[in-house]
Structure formats: structure tokens, C-alpha cells
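Note that the sequence shown covers residues -12 to 437 in the numbering used here.
If you are wondering where the hints come from, they were derived from the structure by calculation, not from laboratory data. Remember, it's a predicted structure, so these values are computed and weren't measured experimentally. A portion of the hints provided could be inaccurate.
[Unchecked claim] Taking lysine-lysine and the BS3-like style, the derived pairs with C-alpha atoms no more than 27 angstroms apart in a straight line are:
1) 229 with 55
2) 55 with 184
3) 196 with 184
4) 386 with 184
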Amino acid sequence: PLSATALVPIVCFPLLGVLSIDDTTSSYGNPLIFLFMGGLMLGKGLELWGAHKRLALMIISVVGTSPKRVVASVMLSGAVLSAFVSNTATAMMMLPIVASVAALTCNDDDAQGGGFHACLLLSLAYGCSIGGVSTLMGTPPNAFMAGFVDKQLGIEISYAQWLWIGVPVTVLMLPLCWVYMVYFAMPVRIQRVAGGKQQIKSMRRELGKVSRAEASMVGIFALTALLWITHGWIENTFGLPKVSDAGISIFGAILMFICPSGRQDQRRIMVWHNAQQIPWGILILFGGGLALASAVSHTGLDAWIGQQVAGLGNPGELPMLGGVCAMIVFLTELTSNTATTSTMLPVFTALADGLGVAPIKLVLVATLGASCAFMLPVATPPNAIVFASGQVSIRQMAKAGLGLNIIAIVVITLIVWLGATPLLGMGGVDLEPAPTTVAEPVLSEPTVSP
């Protein structure tokens, strides 16, 4: 398992003299791990009390139930929820809703209804992946990247600051994905979804009234999100001590263990049994990736790579960004996006140094591209969940996903090339990276010669 593999540095690095045990294990306690841990618990709380399902049905009702609007509402619901809840949980929760609506078209006399069914399911998967890009905790590569650039480049990106680059990508990708799906990849030709509005109303009635636990959970999440976005302003305005995003995340998680649910079978909104169900393996994978990045820097491997590629000439920033983005997108079709990001970011940082490209830009295109692989079931959990429904073939997914991959590569490359510096600058990110050798803690006497 990847998570078990991520523990290997704890054993091997001290034995090989690469890093001390203290330097190695410190990566597994990086603040980003606690940021993501708290975020996963908050997402689990929303999932546990059904708040995410209520929000999804509300979005579908508001956007409309005509065929093309249904596709838009499914995509938008998946994107909004995946920004705060894991895309796996979002896809699994929404799959029965989407399948129920799609089933209303299965009696069409021609293949139009079947095509609409596949279009809806793929739109769900793609919306979940695109929405995860928008927030720092929407997908694991984003959180890993924040920890990586803080440790290796000396650039700190907070939850609120990431929104300046993540939200524009999502806002551009969603309408482009919708137009591509309903007009080109799988043209929607049916005129209406018979009984669609009644079906959604029925599902909303089945949810019943908002429970005390659900309302409390939404309140806790809203408070946490508000603090993530505004804590910098609050600290500066009132002269308060600095609070980290990780601290706010854990604060929100602790509130769930304290607040009563109003039910006898589970007295608190969150109990430890619920918390145990979050994907703890991802947190270990983060630690292993950061330990690997530290080793690459400490041994001088990154500098060596930079020296080797420096003589190859500079192809130009735009071709370099586009090439890296394309490589990551298609590589992620076959591998875990978290594993791809954790292993490739140190390499790209070294390449950037050797070719004269801003390291933060290469890191950004690689991170964003890792969440935008749409062709194969193994690329992302939402793809796998939709494929497992048996209603979408690999041929349909690959055909639709190839074009969307190309769209994502173009959008991500252009946004990072043209907008990374001004957008992150407006968000207050200091893009003047500290030297790697300063930002990276090293042993007083290196045990491995360069």
C-alpha cells in the first residue's frame, strides 16, 4: 500500500545517513497534515448528518431540471461539495441522486437517453475533480503543495490565499467542461427529463426537516471556513497573535466532539468511531512525501539535477509550463495524484532552478494538473466510482476525457503563466522564495558527500 510505503523513509534515511531520525520524522508532523486532518473530519461531519446531500438537491432544484440544466446542476453540485468534502464521498453520495434522474430517460426510443445517462454520470465525476482544485483542502495534492513550498521554497500559502489561484481555475473549467460535454463530447438531444422536478422534490421531502445536529454541523463548518478566510485580517486589525490554518482546522474538529447532537444514540456531533473513518493513510503519505523532499534537498540531488539540465538551454517559460502540465495530467491517468505530486515536485523545483523558470509556477501547474485527469477509471476516485456503476464504458470515458484533459492543460498553463504572480500577489503571498538551503533544515555535518 502507498501509505505503508510512505513509512519507509523513517527506517531507511537514518540508516543510510541521508537524514537524522529527528529531521525525517518532523515531516510527519508538518502543520499541513493537521490542517488536512481537521478538514477531513469536518467533511466527515457534513457527510454524517446529510448536510451535503441537502445542499446538492437544493442546487439541482435552483439550477433547473431541463436536460442541459440537469447536467450543469450535477456538475456544479459536485464541484461545490468537493471543495469542502472529499471528492470520493461526494461522488458516492450523489451517484444515487444522479442515477435516479438519469433513469427517467432510459425509456427513450433511441440511444439519446443512454447517452444522456453517461453524460450525467461523467459530469458528476468531472465536477468533483474540478471543484476540488478550488480550495487548499479540496484535494490532497493542493495541501501537499502548500507544505512543500513552505518547507522547500520558503513561500507560505494559506487557505485564503490559495483561493486566489484555485477558484479562477474552477470558475473557468466548469463552464468549459459543461459546454464541451453537452455540445461536443456527448451532445444532449433529449428535450426534457420527464418527472425530473417531481423526483428531486420527492428526494428533498425524504430528508425531512433540518435536525439539530445537521444545523450545528453546518454552523461549525461555516465558522471554521470564515476563520480560514478572515483570520489574517482579524489578527492585523485587533493585534491578536497569529493563528495558523492548521490550528483553526483542529479547532473546528474539536468543536464537533463537544457539541451535542440532540440524539440519544450518539450524544455528540462527532465521536471517535466516526473520526476513525477518515482516510488516515493520506496523512502518512503527506509525511512521506515531505520527508522525500527534505532528503532530495539535503543530499544536494536537487542542485545536481539543476546543474545537469542547465546546459540543455531554456525552451521558454510557456512551453516549459505546458509540457510539465501535460506530463502530469497524463501520468496521473495511471497513478495516484497524491503519489505523483509528492514524488515529482522536488524534481520540478530542481528543473526550474536549472532552466531559469520560477519554481512556484512549475509547482503550481504540476499540482493543478494532478487533479485534472479525466480519461481512465484509475485516474481519480470519482472516475472509478462512476465507472463502477456499470453505466459508463471505458471508451466513453476515454473519449470524453481526452478532450477535457487538453482543455485543462491549456487553462491551467495559461492561468499560471499569466496570472500566478498577480493573483497570488493580490492574495498577499510573498513570491520571493527564500533560498532552499536556508528554508531546509540540514544536519550540522552532512553525512553524505555531494
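Structure-based check of each hint:
1. 229 with 55: Roughly 47 angstroms between the alpha carbons, so the hint for residue 229 and residue 55 is violated.
2. 55 with 184: 14 angstroms, holds
3. 196 with 184: 20 angstroms, holds
4. 386 with 184: 30 angstroms, violated
The earlier numbered hints that this structure contradicts are 1 and 4.
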